[in-house]
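Student: What follows is the residue order along each chain.
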Amino acid sequence: MSVAPKNNSTSDDGKALTSSALAKDLISTAVITLLILIPIVAMKTVIGQGVISIVYRFGMAFALTGIVVGVRLFLHLFVWHKAPSAASKSTAASALKTVSVSETIAKYIAPGLLIFALCFPVFTFFHPIWDKRVMDLAVYILIYIMLGWGLNVVVGLAGLLDLGYVAFYAVGAYAYALLSTVYFPQWFGTGILPWAFYITLPVAGLLAATWGVVLGFPVLRLRGDYLAIVTLAFGEMIRLVLVNWFSFTNGPQGISVPKITFFGLPFKDAPGSFSDFFGIQFNRIHFYIFLYYVILTLALITYFVTKRLRRLPIGRAWEALREDEIACRSLGINTTTTKLTAFAIGAMFGGFAGSFFAARQGFVSPESFVYIESALILAIVVLGGLGSQIGIVFSAIAIMGSFELFREMDFMKAVLPSGTEPIQFRMLAVGLAMVLMMRFRPRGFVTKREPTVFLKEKKSVSGDLVAEGHG
Amino acid sequence: MSEILLRGKGVETFYGKIQALKGIDFEVHKGEIATVIGANGAGKSTLMMTICGTPRARSGTIVLDGQDITQMPTHEIVHLGIAQSPEGRRIFPRMSVFENLQMGATVDKLRHFDEDLVKVFALFPRLEERRNQRAGTLSGGEQQMLAIGRALMARPRLLLLDEPSLGLAPIIVKQIFAAIKKLNQEEGLTVLLVEQNAFHALRLAHRAYVMVNGKIAMSGTGAELLKSPEVRAAYLEGGH
Numbered sequence: 010m011s012v013a014p015k016n017n018s019t020s021d022d023g024k025a026l027t028s029s030a031l032a033k034d035l036i037s038t039a040v041i042t043l044l045i046l047i048p049i050v051a052m053k054t055v056i057g058q059g060v061i062s063i064v065y066r067f068g069m070a071f072a073l074t075g076i077v078v079g080v081r082l083f084l085h086l087f088v089w090h091k092a093p094s095a096a097s098k099s100t101a102a103s104a105l106k107t108v109s110v111s112e113t114i115a116k117y118i119a120p121g122l123l124i125f126a127l128c129f130p131v132f133t134f135f136h137p138i139w140d141k142r143v144m145d146l147a148v149y150i151l152i153y154i155m156l157g158w159g160l161n162v163v164v165g166l167a168g169l170l171d172l173g174y175v176a177f178y179a180v181g182a183y184a185y186a187l188l189s190t191v192y193f194p195q196w197f198g199t200g201i202l203p204w205a206f207y208i209t210l211p212v213a214g215l216l217a218a219t220w221g222v223v224l225g226f227p228v229l230r231l232r233g234d235y236l237a238i239v240t241l242a243f244g245e246m247i248r249l250v251l252v253n254w255f256s257f258t259n260g261p262q263g264i265s266v267p268k269i270t271f272f273g274l275p276f277k278d279a280p281g282s283f284s285d286f287f288g289i290q291f292n293r294i295h296f297y298i299f300l301y302y303v304i305l306t307l308a309l310i311t312y313f314v315t316k317r318l319r320r321l322p323i324g325r326a327w328e329a330l331r332e333d334e335i336a337c338r339s340l341g342i343n344t345t346t347t348k349l350t351a352f353a354i355g356a357m358f359g360g361f362a363g364s365f366f367a368a369r370q371g372f373v374s375p376e377s378f379v380y381i382e383s384a385l386i387l388a389i390v391v392l393g394g395l396g397s398q399i400g401i402v403f404s405a406i407a408i409m410g411s412f413e414l415f416r417e418m419d420f421m422k423a424v425l426p427s428g429t430e431p432i433q434f435r436m437l438a439v440g441l442a443m444v445l446m447m448r449f450r451p452r453g454f455v456t457k458r459e460p461t462v463f464l465k466e467k468k469s470v471s472g473d474l475v476a477e478g479h480g
Numbered sequence: 011m012s013e014i015l016l017r018g019k020g021v022e023t024f025y026g027k028i029q030a031l032k033g034i035d036f037e038v039h040k041g042e043i044a045t046v047i048g049a050n051g052a053g054k055s056t057l058m059m060t061i062c063g064t065p066r067a068r069s070g071t072i073v074l075d076g077q078d079i080t081q082m083p084t085h086e087i088v089h090l091g092i093a094q095s096p097e098g099r100r101i102f103p104r105m106s107v108f109e110n111l112q113m114g115a116t117v118d119k120l121r122h123f124d125e126d127l128v129k130v131f132a133l134f135p136r137l138e139e140r141r142n143q144r145a146g147t148l149s150g151g152e153q154q155m156l157a158i159g160r161a162l163m164a165r166p167r168l169l170l171l172d173e174p175s176l177g178l179a180p181i182i183v184k185q186i187f188a189a190i191k192k193l194n195q196e197e198g199l200t201v202l203l204v205e206q207n208a209f210h211a212l213r214l215a216h217r218a219y220v221m222v223n224g225k226i227a228m229s230g231t232g233a234e235l236l237k238s239p240e241v242r243a244a245y246l247e248g249g250h
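Chains F and L, in that order, give the protein sequences.
Each residue of the first sequence is one higher than the one before, counting from 10 in my numbering.
Each residue of the second sequence is one higher than the one before, counting from 11 in my numbering.
Okay, chain L solo, but in the shape it has when bound (with noise of 0.2 Å):
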């Protein structure tokens, strides 16, 4: 548990001239999942995006067990085993579910493709009913899950959801926490989950960020932040 993946230290990125993160220090450990709360705009997504490499941090480092990955392309760095389901799921919505699956094995080159298509079918069935339809025609829960699915055909060592609830309803939010939750626990997959919905991504993760204006303002278990009092003032109360 305490061996540590992915370490920020300083991280500062730019659009143009505004500053969208000012000095992040975060850690993500192996086998945990680790969350990112805050407002819009808070900077969450550019974290994910800036550990990914686009935009690319213009100081501070970014390691992965060890490496610097601050300043290389993206691609290498998802070769690495960073996989990523981006804000807005970003799936190719001409391709059917089957082929967006495989375009996620990429970096795996299809080695294992058919025992990785049979656990992300496990893991959504609904994916598997749908295999052969159009990626667009999906609803929203199953992009979702196919975004997710899509990652994890990477075979990833860090899995980076971000915001995967947005604009689900809440049977659908759950059942994608319980698949996240599910991928910790029985794979030992580190997760770093970005997330508006400040309930279910606390109670799920084992080290939590609090975001604000760019900067961590608060950080903790979990179930620390759940209970402290700011928090619930500013993210859980009238929400849910």
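Chain F with its partners taken away, still in its complex shape (with noise of 0.2 Å):
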């Protein structure tokens, strides 16, 4: 990463910036907005019954911050850093300057939208509208997220065609269920159980990834379709038997589950809960942001470990494979247990989201796990492009706030046929923008694929060289 400025400062403009002088810069101007913005609009006097009160406004400060960083951010990438480029003589200098203008953003991203996700909650104080709905959603579309960059592992980095990842999201889900209400209770009592998401979360993860093993072992020797068919399958078999074991899994009726706890502290409005121990007034959204939080930490634990594992033998090992297979052999590379591995380890993330699920739903049942969501997951991860996480965050982001946006389309109804509801078009729509979507941009919305190593300079490599529809 502290190669790529190179770029910047070796061109001969003086006045282009490096990364670290630019988040130098972009500090300094917060830290000076909000010493401005604090006595100004942050607290505001109010007067009333002859007595001035202070009502404070951080919300409003941060957020003005928030804006005036980011125009600034913008000035900096496309205003002020443009300007000498243009100016220059060589037009090659400026192709060049191009280049590491849109590096930059790149590289903005990420960290951009880490820190958008961590302050999300924070807007809900102050946005009376933005209420539980939306915490609601953005916790789903998390929950998409780290499915997708699970599946990125077996799908995207070691390139085998999973149409069944849904049966280890099931697996989560039902170890948690089954754990938390049959098997806890029984061995450690029912005291455990405000904590039993806790415990169950390893050991779901671990159940989850023994199954990815169990898949992975017949399927050794299929690619591609051949692959894809036998994945299809073993997740309706998953399915099949939470529909129809009854005396194990309630069968269609479901299981209800106790739901998340602050650290075995429930969201209740009773003594002993959460709000009572903190001393605060007991709402419905704290649940809710926990939730996010719990969830956010999840996915970024799976994006560290995915990311952190493509740099390591294993992980360079998982994307030879997907390149080609027989060279990998010809290398010394264990085909074998590099295949189980990448099951295993996307399985996992698969039972830890699936017990997530459980925890947040309080209720399990097997229509959750329907072929439908391998799909949604699976198309999630190709339009974000395959073995990019970024690009899944958008492809997430995209398809599952389109479902809930659906909702919204009252106005629709002026358009439709009578006694129908928009949402019932939503699968229509999605359809019909993944077709647009192949058509215009077919290998997804971010085409780059970073080496994961670098000798002496960096260079990503152009997604116009990357293979199309290659299974």
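If you are wondering where the hints come from, they were derived from the structure by calculation, not from laboratory data.
Take these hints with a grain of salt, some might be off.
[Unchecked claim] Looking from chain F toward chain L, a few residues come up when the C-beta cut is under 8 Å (computed):
1) 322
2) 325
3) 328
4) 329
5) 333
6) 335
7) 338
8) 339
9) 341
10) 342
11) 343
12) 458
13) 460
[Claimed, not checked] Okay, the calculated beta carbon distance ranges per label pair:
14) 81(L) - 197(F): 44 to 52 Å
15) 345(F) - 123(L): 19 to 27 Å
16) 36(F) - 135(L): 40 to 48 Å
17) 235(F) - 78(L): 29 to 37 Å
Every residue gets a Cβ at the ideal spot worked out from N, C-alpha and C, and that includes glycine.
Quick one: dock chain against chain with the hints and give me the complex.
Tutor: Right, here's the structure in full:
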């Protein structure tokens, strides 16, 4: 990462900012803006009944600071930065500049998204319209981002087309449901229940990983279409077992499970609860905000573990396996273990997500794990750009967010046939969007593949050169 | 020179019911370049792949330095010191040149990565120029250099080269063969070379085999075969 700014500094343009200088500039901008805004915006005096009281509006101060920093970043990247390079004599130099600017933007996307994600719940305090429904939607999208990142290990990195990923999601969810309602009370008594999620989470991940290996063994020799069909069947098998094994899973009626607690403190309006412990007013939004941070943590773990694995021999072996299996073997890579670890690790993240899903929902039933879920997750991975983690974020937001948008579109009723709801057309719209995507951006939103190692200079690989429709 | 590194005896390989190798005997001595020449479909590449264990020989034995490797899985054979630059190069097209070389060092667990990298770059300076480029965007000759370089990163005792001249311009073929010769003479690397380009291969080889229809039809030193009228008639005249 530290090598990239070289592009900027080596150019003849003296005013070009290196990324560290840019970061310094933005931070100092933020500090100065905040210092100014705190007295004049964050504290407002209100005169009422002969007393002057202060109303705190830190949210607005932070929001304004954010806007100022954002505008300054924009100016740095596009306005102030570009002018000298356009004035420079050689066109080659300015061409170089455009490359470095777009690379700079690419560099700020991930940290920008992270900061946005971390601050996101803060907005709910200051925007009463953005209530728990928005938080719930954010949680929902994050689950799919995490599932996308998990599936990305199998499909994007190792190149193994998996159409039954939802099976591992189901294993995780049912692991939590069964352990917390049946087995933990039996083994440890009911006192353990508030902690059930935290204890079950690793167990669910392990169980899902085990099932990943179980699926992996019979399909070791399969690739492409054949593999897809077997994994599809596997996903259906798990669901059908959940439906029909009534004595164990309670069949289609599902299982009610305890919801997630704040490390043992439940979210309810009662003594011993989260709000009681911290002495604050009970509000359902706390539950949603906590859910949000839990899934954000899980998703970030998925992100960073995958990112790290890509730099380790095993991650490189996955990518090499995607490229050429025979070459892999002739280089001494054990393709069996390489495939199995990809299945296991992908499945493990699916298991984590499933466990969280159950703890959020408070209820699991086989209906949540139908084939279309697998297809959606796969669509998210493919639309995002196979192997691209940031692309998955955008495609998950686009697909899941658009589903939610359809609920809001009452005005559409005027055009639609009577008796239908806009929401019923959501799959149609997503299908259409996918067809258009595949027509105009066949490699997904983010088509660059970052090499995991660099020698002396960094050069990302242009998407134009990435093979299309590679199974 | 006389110590045998790799020996095959009565090696038979089948693709389903079709017999591709019909009892091959061959040996490769330490420090020499051995070559197998022959027409399309003679079974040269099958022999190469059989040595590496995909597919495995149905009968016969292949012994590397006293150890029977006939039924071993490929990745274990590679760990014993046989590295291959496979037919059609099979580099990883979406990974960079550098990453490809890194994959080659898997067997060595990257222990000598830096010094080996210097050696490979010294042998093929073009690879150093293109180190951060996607391997799929290299020219055919550069890809072949990369495939050989990648195999060398494993620090092999025996280097298998399957048709390194395939589809390359004559000048590049010369460079590649010069590099192979250099490796053999300066590093003492043992090489087993499978080629259709009989002229280049025989000039280089200490030991040579001619394969016809899954059998060894002729063997001898490279110089002997180069002079032999049958070889000249079948593989050399008219071609080059």
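Student: Hint by hint, say whether it matches the structure.
Tutor: Verification of the supplied hints:
Given hint, residue 322(F) at the interface with chain L, holds; its Cβ is 7 Å from that chain's nearest Cβ, closer than 8 Å. A cut of 8 Å between beta carbons decides the hint on residue 325(F): the least distance to chain L is about 6 Å, and the hint holds. Given the 8 Å rule on beta carbons, the hint for residue 328(F) holds: about 6 Å separates it from the nearest Cβ of chain L. This hint holds: residue 329(F) has a C-beta 5 Å from the nearest C-beta of chain L, less than the 8 Å allowed.
Because the smallest distance between the Cβ of residue 333(F) and any Cβ of chain L comes to about 5 Å, under 8 Å, the interface hint for this residue holds. Because the closest C-beta pair between residue 335(F) and chain L is about 6 Å apart, less than 8 Å, the hint holds. Look at residue 338(F): its Cβ gets to within about 4 Å of chain L, closer than 8 Å, so that hint holds up. With a cut of 8 Å, the hint placing residue 339(F) at the interface with chain L holds, because the nearest CB-to-CB distance is about 4 Å.
About 3 Å separates the beta-carbon of residue 341(F) from the nearest beta-carbon of chain L, less than 8 Å, and the hint is met. With its C-beta approaching chain L no nearer than about 6 Å, residue 342(F) sits inside the 8 Å limit, and its interface hint holds. At a threshold of 8 Å, the smallest CB-CB gap from residue 343(F) to chain L is about 5 Å, leaving the interface hint in force. Evaluation of the residue 458(F) hint against chain L yields a held restraint, the C-beta minimum of about 6 Å falling below 8 Å.
Here the hint on residue 460(F) is kept, as its CB sits about 4 Å from the closest CB of chain L, short of 8 Å. Range check, residue 81(L) to residue 197(F): Cβ separation about 51 Å, and the 44 to 52 Å hint holds. Between residue 345(F) and residue 123(L), the C-beta spacing of about 25 Å keeps the proposed range 19 to 27 Å intact. At roughly 44 Å, the beta-carbon separation of residue 36(F) and residue 135(L) lies within the given 40 to 48 Å, and the hint holds.
Checked against the hint of 29 to 37 Å, the C-beta distance between residue 235(F) and residue 78(L) comes to roughly 34 Å, which is consistent with it.
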